[in-house]
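Colleague: Each residue of the sequence shown is one higher than the one before, counting from 37 in this note's numbering.
These are calculated hints, taken from the structure and not from any lab test.
A hint or two may mislead.
Taking lysine to aspartate or glutamate and the DMTMM-like style, the derived pairs with C-alpha atoms no more than 25 Å apart in a straight line are [unchecked claim]:
{"#": "1", "residue 1": "Lys140", "residue 2": "Glu165"}
{"#": "2", "residue 1": "Lys261", "residue 2": "Glu232"}
{"#": "3", "residue 1": "Lys261", "residue 2": "Asp109"}
{"#": "4", "residue 1": "Lys56", "residue 2": "Glu247"}
Model, not experiment: these values are computed from the prediction.
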Amino acid sequence: MSVHRSHPYASSRRRSTNTKLVGLLDSPYVRRLAIALQLMDVDFEHVPLSVFSHYHEFAQINPVVKAPTFVCDSGDVLMDSGLIIQYASVVSRNAWSAIPNGRKQRAMYLRLESLALAVMEKSIQLVLEDFLRPPEKRHSPWLIRVGIQLTEALDQLEAALRLHQWNFRDKPPALPEVSSAVAWTFCKRMVPTMIETQNHPVLDTLAAEAELLECFRRAPHSTLKFPVDAEISGVHNVEV
C-alpha cells in the first residue's frame, strides 16, 4: 500500500465561491468534511470559528452553533457532516462520494464508515468531559463505559480494515478511509492515554499514509484556516 502525495481530485487551485464551511479543523467532523469537499472538487471558504470561544460570532451564521456548519451558495445553512456530504455529492464535479452498488461492497463501506464515526463520537465525549466538566462532577462509571465503547469501536475498525485493501497511489481515499484516518489522528492527539497504538497497526498505517496526501495536509488537525500550505513540512502535526 503506497502513498501518492497529491491527486487530481485534490486540486490546489481554488475558485471563488459563496459556499462556507464553518468550524475548526481540530473537530474530526469538520476535518473529514474539509477533506471530502476537496476530493469532491467542491469549492468552499473556510471560516475557522469555535463553538466555544467564538460562540456569538458562530451564532450569527448559525444560531444552533453546531460544527460543522455549511452555508450553501443559496444561503441555506446545513449541519451534520454526513448530510452535508450528501448535499455536496449533488453539486460535485465527480462521483467520488458514490457508495458501492454491490451488497457486500456496500455493507463493508458502510461498516467502516459507521465504525469510524463511532470512534469520533466516543473520543469527543471523553474530550468534552475533560474540557467542560469539573473533576468533582465527572461520573466515573459513565467515563469507564465511554472508554470501553471507544476501545471496542477501535478494535472493530482495526479488524474490518484487515480485510480492506487501499492504494492511494492509484485512487483517492474513499470516505470510510478518510473518516478512519481522521478519527485515528484525533484519538492520538486528544485522548492518547485511551488508546494502544500497537493494538491497531493497520489503522495506524492507513492514517499515516493518508496524512501524507495533499488533501489531508491542506486540512490538518489544527485551528488553522484552510487551505494550509501543504508544502510546509510537518504542518499537519500542529497541536491544539
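Colleague: So which of those numbered hints doesn't the model satisfy?
Modeller: 1, 2
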